[in-house]
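K.L.:
Sequence:
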Amino acid sequence: MSPSRGEIARAFVIVGEGVGDAAAREALLDRAMGPKRKKKSSEKLRRGRRPSEGLAFVARDVSGGVVGTVRLWDVRLGEGGPAALLLGPLAVEPGLKSGGIGSALMRHAFAEAARLGHGSILLVGDAPYYGRFGFSADRTGALAMPGPYERHRLLALELKEGALDGAKGTIKAAGRKIKGQAPDFVA
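Take the sequence shown: its position 155, counting from 1, is numbered 154 in numbering that gives the first Met the number 0, and each next residue is one higher.
Some hints could be false.
[What the hints assert, rightly or not] Capping the alpha-carbon separation at 27 Å, the derived lysine-lysine pairs in DSS-like fashion look like this:
#1 LYS159 x LYS38
#2 LYS38 x LYS176
#3 LYS35 x LYS159
#4 LYS176 x LYS39
Bear in mind the hints are in silico, worked out from the structure with no lab data behind them.
Please model the entire structure based on the sequences and the hints provided.
P.N.:
Laid out in C-alpha cells, this is it:
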C-alpha cells in the first residue's frame with residue numbers, strides 16, 4: 000500500500016509481548032481507550048490473571064516503540080463448560096489507526112491460538128469491525144458476561160468447528176493467576 004496525502008508508510012513487526020512492554024502497553028491502552036477502560040465487564044475476567052500462554056502480542060515500529068497490542072485470555076463458558084479464549088483489549092496508537100496494524104495483530108493472534116489448539120475466541124466489540132474476521136453474535140445467545148454489557152456486542156469465532164456447541168452460562172475467568180508478581184508480568 001502506498002502512502003497518500005502526505006502520510007508516511009509505517010513499517011511494523013509483531014512479536015510476543017515481553018516483561019519490559021508493560022508500561023508502554025498500558026500507556027498505549029490509556030491513549031487509545033481512555034480512563035474508563037478498566038471498568039468494562041471484560042476487565043473482570045482479566046483482573047489478577049495472566050494472558051493465555053503465548054498469546055500476548057505487541058506491534059513495534061521501526062524504532063522499537065509499541066504501536067499496537069492484543070492479548071488473549073483463558074476463560075470457561077459457564078459452569079463446567081468448554082474452555083475458550085477472550086480477546087482484548089486490542090489497541091493501536093491513535094494516530095496510526097487504519098494502517099493495518101490492528102488487522103495484522105488480530106490475524107497473528109488467531110493463527111497462534113489455532114496453532115496452540117484453542118477452539119474458540121470471544122470478545123465484546125463492534126460487529127462491523129470484528130465481523131470481517133469471522134466474529135458474530137450467532138453463537139453467543141446462551142452466554143453472558145459477568146457485569147453490564149451490550150448483548151449484541153458479545154461476539155465469537157470458532158477456530159474449530161463445533162467448539163461452541165452447547166456453550167451456555169456466564170463466562171468465567173480460567174487463566175493463570177498472578178502470584179507474587181507485578182500485575183503486568185507476562186510469562
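K.L.:
Now look at each hint and say whether the structure bears it out.
P.N.:
So, going through the hints one by one against the coordinates:
1. LYS159 x LYS38: Status violated; Cα separation ~31 Å.
2. LYS38 x LYS176: Given that 27 Å is the threshold and the Cα spacing comes to 20 Å, the pair holds.
3. LYS35 x LYS159: Outside the cut-off at roughly 34 Å; violated.
4. LYS176 x LYS39: holds (19 Å)
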